[in-house]
Amino acid sequence: MVDRWWAGAPRDEVLADAHLLAAVDEALIGSGVSAELVCTSVDRSAGVPRTGVALRLTGEPADPSATRSALSQTLGGPVVVLDEEAGQPDVVASAALQAARQGTAGRCVRFPGQQAVRGRLPVADLVSGTAIDELVGVGVEVAPDAVVDTLGFLRPQWSGGRLTLLVEQGAGGVLRPFEIESPHECCGGAGH
Amino acid sequence: MSHDHEHHHHGGHDHHHADAAGVEGTWVDPEADDPLSVSRRAFLATATVVAGAAAGLGGTVAGVGQGVAAATDRKGRTSNAWSGRPYFLAGDHHIHTQFSPDAQYEIETQVSKAQEYGLDWVVITDHGSVAHQKFSIDQVTPRIEATRKAHPDMLVYQGLEWNIPGAEHATVFMPPGRSTVDILKAFEGGYDGSVLTAQGRTTANNPAGAEPFAIDGLRYLEQQVRNRRTEIALMFANHPSRQGIDSPHEIRNWRETAPGVAVGMEGAPGHQAAGIPAPAGPGGGRGYYDRSAGANSFAAYPPESYRTFGGFDWMTATVGGLWDSLLAEGLPFWVTATSDSHQVYRDTFTPGTQDYATTGSRGAPIDTGAPITSYGDFWPGQYSSTLVASNARKYVDLMKSLQAGKVIAVHGRLIEGLDLRVRSPRQGDARGVTLGGTTWVRRGGDVDVSITVELAAGPNANGDVPKLAKVDLISGPVTGRVKDKDTFRAPETRVVETFEVRKGRKTATFNHTFRNVQDSFYLRLRGSDGKQLDSAGNPPMDKVGDANPWDDLWFYANPVFVDVV
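First to last, the protein sequences are chains G and V.
All residue numbers for the first sequence refer to the numbering used here, where the first residue is 278 and numbers rise by one.
All residue numbers for the second sequence refer to the numbering used here, where the first residue is 59 and numbers rise by one.
Bound-form chain G, shown alone (with noise of 0.2 Å):
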């Protein structure tokens, strides 16, 4: 089966990760296809930062044309298809969608898998049960027989084509996913 690929690129509103799912599971209701994989990625072309995000269907929809108007709706901007665009598609959806076909950039907030890995596993799990390629350590080596603490948050990273989870020493010998649910908020989140 060929890939559907869509991207969106979204209103600032609906960048949190579980605003993004929840637009993306909305418009998909009733089209008799899911998103399997769901990525961010950042566009700087403009100079201005842009996230666009794309999405790995798990086929058709049904009725390509009205789930598409219902994801642009849901997302509160355009949405492209991948092979589709004609004249000048969006230039931040059309980057999401190529960075995350090609495997070249993008954070993956939902990925085939996601749900089946919880709390500590090891590295060879991890790869075998979800759709991420590869563990890379930051400041550390990766050994296969390592032990990765999930914390029940994953964001794994397009990089060369393979999906690729960033990962550090944690306490107590484990290893620990870089990036994490809720780092620390400098003045409450306020202050900036």
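What the hints contain is simulated information worked out from the structure, not anything from laboratory work.
Heads up, some of the hints might be wrong.
Straight line, CA to CA, 25 Å or less: simulated SDA-like cross-link-like pairs of lysine to any residue [unchecked claim]:
id, chain 1, residue 1, chain 2, residue 2
1, V, Lys543, G, Gly324
2, V, Lys541, G, Val325
3, V, Lys589, G, Val325
4, V, Lys543, G, Arg321
5, V, Lys543, V, His307
6, V, Lys452, V, Pro233
7, V, Lys589, G, Val419
8, V, Lys541, G, Arg321
9, V, Lys207, V, Thr255
10, V, Lys452, V, Arg143
11, V, Lys528, V, Val554
12, V, Lys458, V, Ala139
13, V, Lys541, G, Pro326
14, V, Lys564, V, Leu531
15, V, Lys589, G, Val417
16, V, Lys589, V, Asp530
17, V, Lys528, G, Gly416
18, V, Lys589, G, Gly447
19, V, Lys458, V, Thr315
20, V, Lys541, G, Gly324
21, V, Lys543, G, Val325
22, V, Lys528, V, Ala515
23, V, Lys589, G, Arg321
24, V, Lys528, V, Gly502
25, V, Lys589, G, Arg453
26, V, Lys543, G, Pro326
27, V, Lys528, V, Asn596
28, V, Lys589, G, Gly449
29, V, Lys589, G, Glu418
30, V, Lys543, G, Ser322
31, V, Lys525, V, Lys589
32, V, Lys192, G, Val417
33, V, Lys589, G, Pro326
34, V, Lys525, V, Asp592
35, V, Lys589, G, Gly416
36, V, Lys541, V, Lys192
37, V, Lys528, V, Phe557
38, V, Lys541, G, Val451
39, V, Lys243, V, Asn285
40, V, Lys589, G, Gly450
Here the structure is a predicted model, which means the values were calculated and not measured.
Starting from the structure of chain G, add chain V where the hints point.
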């Protein structure tokens, strides 16, 4: 400093010195080669320095001496002349109080604690915001005045933690003066990133669009110095690598815009208790450095830049990293260490219940009676110190020494002080210079570095007497201005010698000679307790949730530049 022009005969075409570009034309006069005209030239050169301080040439502050040196040839300029064993004043330029929405202590508490932990100077830096500008400043001012009376030995500065438009936070402060509070208010009202966003003049998702406001703010501060509304104003970039949003070009632009104001950055951020393992401690990232790249981050920063190394910021801790890339340009830029004290590890207090947004204060903190182990900060001076070699225990003198880079950043009382002397006894500046200074040598000459470290004379706040294990002498060529302002590497900078410290002494003395020097260079020092080193002797990346700060102590000394003439 002597200026023996007569002893150095050289051609009569030597007046065009880059340092004097501002008044170059005025020097082209027929009397220029007459020895009697030297005094006039000295006068002009001095005027250049004074004007230069306002016009953007005042990065090195050496007054008359520097001006005269600039008017000579085959003799370099010097600044921060060595003058014997320095006397250091310990301090902290980053402290929060109940006048920040995320902090809690009375100003008096922070100043008392700072004094208890051996500090001589502090800067109160609550977060800039609409409420702070409107309601907090007028409450802070009288309290600071009261603490000055209650602690006559302490220098207590009123400052601000500025939300740099488009970037991170920064300390901004001035000495006490008639206009200090007015300037702080106007500056915050006009140029604080949070205020600008509230006014709709900048937006959070367009950091590049906000950058010009930062430049304008720094120009404003420099203008206040030029207009003599304040004798001096300083800015230090705080926790520069925490979110990757202080891009290299922004740092360079701040420095270039206001070289007398934007003089440095936190070499080590505060929140040093945040990495103490749970359940005894917060179990977070040391320095609260636990983030990764976001949409507004400078994309080329590598993942490890979001962590500390031996408690120090990646920009400072990386040999040949961003800090070195500035020094390799010949840019004076200094590093410090602060507490960023908001809520202190194992303290029993929680914030007051007052509504910050409408009153500018959290109110009186509340004692819960039980130590709170999720807090990640230390009291001012409890762990982090910025040691400044000041000529006097006076507000302006101390700031001038900070501006001149006579500064060492120290953790956990690893050292008490440092006497650094860099000179060329036979082929250049025989007297030599110290921390933050610039000296010179004739091409092909030798440069002697003598280092005397004053080792810890007693226990630190953890009850340990720290043992300095090694001192690294780090050096790199000064290769001139970079074409790409986003450069953050200095590939030729390296550790040139590592000195091991023998045990059981009060001081440790080391020497190194750079022989047959052909090109201008800089050097700097760092030292470690040796407990956490990678195979190359560098600080490893701190582990999130597993970084006991007391078992990993470092100091970083600010550089000396050596010009080849």
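In rising order, the numbers of the hints this structure does not comply with: 3, 9, 23, 24, 32, 33, 36 and 38
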